[in-house]
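In this text, residue positions in the sequence shown follow the numbering used here: the first is 81, and each later residue adds one.
In short, the hints are calculated from the structure, not lab data. For each residue, glycine too, the CB sits at the ideal point set by N, CA and C. Check before you lean on any hint, since a few could be wrong.
Stated by the list, open to error - Below, computed lysine-lysine pairings styled on BS3-like, alpha-carbon distance capped at 25 Å:
| hint | residue 1 | residue 2 |
| --- | --- | --- |
| 1 | 141 | 179 |
| 2 | 258 | 302 |
| 3 | 258 | 449 |
| 4 | 265 | 128 |
| 5 | 265 | 449 |
| 6 | 265 | 302 |
| 7 | 179 | 265 |
| 8 | 144 | 179 |
| 9 | 128 | 141 |
| 10 | 381 | 302 |
Stated by the list, open to error - Restraint-style ranges between C-beta atoms, simulated for each label pair:
| hint | residue 1 | residue 2 | range |
| --- | --- | --- | --- |
| 11 | 403 | 185 | 45 to 51 Å |
| 12 | 384 | 410 | 21 to 27 Å |
| 13 | 376 | 406 | 17 to 23 Å |
| 14 | 120 | 351 | 54 to 60 Å |
| 15 | 449 | 410 | 37 to 43 Å |
| 16 | 183 | 384 | 39 to 45 Å |
| 17 | 353 | 198 | 54 to 60 Å |
| 18 | 446 | 420 | 49 to 55 Å |
| 19 | 342 | 185 | 32 to 38 Å |
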Amino acid sequence: MSDERQPQVAASAIPDAQEMEVPPTTEDFVLELSPNSVLNERYRIVEKLGAGQHSTVWLAKDTKADSPDTVYAIKVLNTIATSLQGSIAHELEVLQIIKETAVRLPEATGAAHVLQLLDHFTVTYAHGSHLALVMPVLGHSLQELQGRFEDRMIHPNLVRDVIRQLLEALVFLHDECKVVHTDIKQDNLMLNDYGGQDKPAMGTAFVLTDLSTAEPEHGEHKRLIQPEALRCPEAAANLEWGTAADIWNVGCLVFELITGKILFPVQDLRNEDGAVAITRDQWRFAHFWAFVRRLEDTDEKLCAFFSRSDVGRALFGTDGKLSVNVDQHRSLEQILLNYEVEDPELADFLGCMLRLLPEDRAPARELLKHAWLSIEDAMELKSEVEDGESVEAVAQKDP
Numbered sequence: 081m082s083d084e085r086q087p088q089v090a091a092s093a094i095p096d097a098q099e100m101e102v103p104p105t106t107e108d109f110v111l112e113l114s115p116n117s118v119l120n121e122r123y124r125i126v127e128k129l130g131a132g133q134h135s136t137v138w139l140a141k142d143t144k145a146d147s148p149d150t151v152y153a154i155k156v157l158n159t160i161a162t163s164l165q166g167s168i169a170h171e172l173e174v175l176q177i178i179k180e181t182a183v184r185l186p187e188a189t190g191a192a193h194v195l196q197l198l199d200h201f202t203v204t205y206a207h208g209s210h211l212a213l214v215m216p217v218l219g220h221s222l223q224e225l226q227g228r229f230e231d232r233m234i235h236p237n238l239v240r241d242v243i244r245q246l247l248e249a250l251v252f253l254h255d256e257c258k259v260v261h262t263d264i265k266q267d268n269l270m271l272n273d274y275g276g277q278d279k280p281a282m283g284t285a286f287v288l289t290d291l292s293t294a295e296p297e298h299g300e301h302k303r304l305i306q307p308e309a310l311r312c313p314e315a316a317a318n319l320e321w322g323t324a325a326d327i328w329n330v331g332c333l334v335f336e337l338i339t340g341k342i343l344f345p346v347q348d349l350r351n352e353d354g355a356v357a358i359t360r361d362q363w364r365f366a367h368f369w370a371f372v373r374r375l376e377d378t379d380e381k382l383c384a385f386f387s388r389s390d391v392g393r394a395l396f397g398t399d400g401k402l403s404v405n406v407d408q409h410r411s412l413e414q415i416l417l418n419y420e421v422e423d424p425e426l427a428d429f430l431g432c433m434l435r436l437l438p439e440d441r442a443p444a445r446e447l448l449k450h451a452w453l454s455i456e457d458a459m460e461l462k463s464e465v466e467d468g469e470s471v472e473a474v475a476q477k478d479p
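Could you build the full structure based on these sequences and the hints that come with them?
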């Protein structure tokens with residue numbers, strides 16, 4: 081992969097039509113722009129950066145900025161996405177909450193690690209209106225960075241640096257903004273290094289982006305959220321979720337960054353005739369039980385919690401126990417050892433996040449105090465790359 085920094089948008093499309101429950105017959109209009117066209121009498125389009133199912137994204141120069149080289153990413157929502165803002169989509173509202181909270185609490189360090197809305201406006205044409213969101217242009221995503229490492233296993237010290245910043249972002253989002261992100265994954269964490277040449281990742285700020293599926297305090301907290309492999313147990317069981325859903329996401333993310341592997345891959349098992357023998361939900365929960373169930377997680381407690389929904393109830397037998405189980409229980413420490421990662425403190429850190437009941441998961445503020453996030457260890461790698469050595473080279477050294 082070329083080290084040349086390509087402009088990337090700090091946001092992506094809002095949920096697809098199925099997630100948003102958009103009527104399939106609803107006509108959607110995409111706004112296509114051309115270079116040098118001007119939006120809101122201010123932003124001159126340079127080029128198209130990308131597109132999602134419900135938005136297009138454009139690099140634009142700010143003609144009213146002091147510097148003629150000032151550029152932003154403008155995300156232009158399609159007509160359906162625009163019309164759903166404030167009902168089942170809350171991207172603009174959440175971005176405004178973040179912006180207002182950052183102004184009200186300038187000492188909140190986590191605000192610097194959350195995508196900030198710079199401006200917004202609506203453009204109207206004969207076919208309908210389009211909401212435009214003006215945001216910073218960022219650099220590479222964590223997903224791109226992970227792809228540079230052998231077997232996608234990122235150096236633990238760099239993972240610490242990223243996760244510390246992510247947790248600071250979540251302290252700000254959860255505690256101050258009362259917002260659940262719902263979609264924490266590698267391609268939604270981006271380096272704030274646009275325009276930099278060969279800038280090392282260590283010591284560069286990461287920004288949590290894509291608030292398109294974020295949910296404010298008053299929003300709907302029972303809809304389906306999160307990528308399937310990162311989905312928390314309560315969301316998978318169609319139960320109400322909250323900020324602890326993001327914490328589960330972080331735990332899965334840390335495991336994947338360290339090992340290069342997904343902790344909870346989801347699949348179904350079929351008989352020879354093609355009939356489903358074990359459903360995806362049964363497979364998922366069997367592995368939840370096998371990997372992260374604790375002694376205090378009794379059958380009675382777990383059955384009472386998850387059986388509050390039809391999806392959850394179907395997972396249990398008449399005896400109140402999970403109907404499908406994995407034969408052998410393996411601790412997180414044992415699973416890490418399978419990938420030649422011997423780190424009891426890491427296993428403990430993961431165990432604070434990957435707990436079956438949401439109320440048992442440590443909040444972001446508490447996780448920041450965990451011993452695994454040693455500042456001294458992280459700074460050791462930072463000092464190595466400050467002299468110009470690339471993070472890719474440092475990645476191949478022993479932790």
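Sort out whether residue 302 lies within 25 Å of residue 265, counting only the CA atoms. holds, 20 Å
Given the proposed pairing of residue 144 with residue 179, does the C-alpha separation stay at or below 25 Å? holds, 21 Å
Between the alpha carbons of residue 179 and residue 265, is the straight-line distance 25 Å or under? Given pair residue 179, residue 265 holds - Cα atoms ~22 Å apart, limit 25 Å.
Are the Cα positions of residue 265 and residue 128 separated by 25 Å at most? Distance of about 24 Å is within 25 Å: holds.
Can you confirm whether the C-alpha distance between residue 141 and residue 179 stays at or below 25 Å? holds, 22 Å
Holds or violated: residue 265 and residue 449, Cα atoms, limit 25 Å. holds, 22 Å
For the pair supplied as a hint, residue 381 and residue 302, confirm whether the alpha-carbon distance does not exceed 25 Å. holds, 21 Å
Within a Cα-Cα threshold of 25 Å, do residue 128 and residue 141 meet the stated pairing? Between residue 128 and residue 141 the Cα gap is close to 12 Å, so the pair holds against 25 Å.
Mind checking the hinted window 32 to 38 Å against the Cβ distance between residue 342 and residue 185? Taking Cβ atoms as reference, residue 342 and residue 185 lie about 36 Å apart, which means the hint holds.
Just to be sure I understand the hint, the distance between the Cβ atoms of residue 403 and residue 185 should be within 45 to 51 Å; is that true here? holds, 48 Å
Cβ distance range 39 to 45 Å for residue 183 and residue 384, holds or violated: holds, 44 Å
With 37 to 43 Å as the target window, see if residue 449 and residue 410 comply at their CB atoms. Once the Cβ atoms are compared, 27 Å apart, the range 37 to 43 Å for residue 410 and residue 449 is violated.
Consistency note: the structure conflicts with the earlier hints numbered 15, 18.
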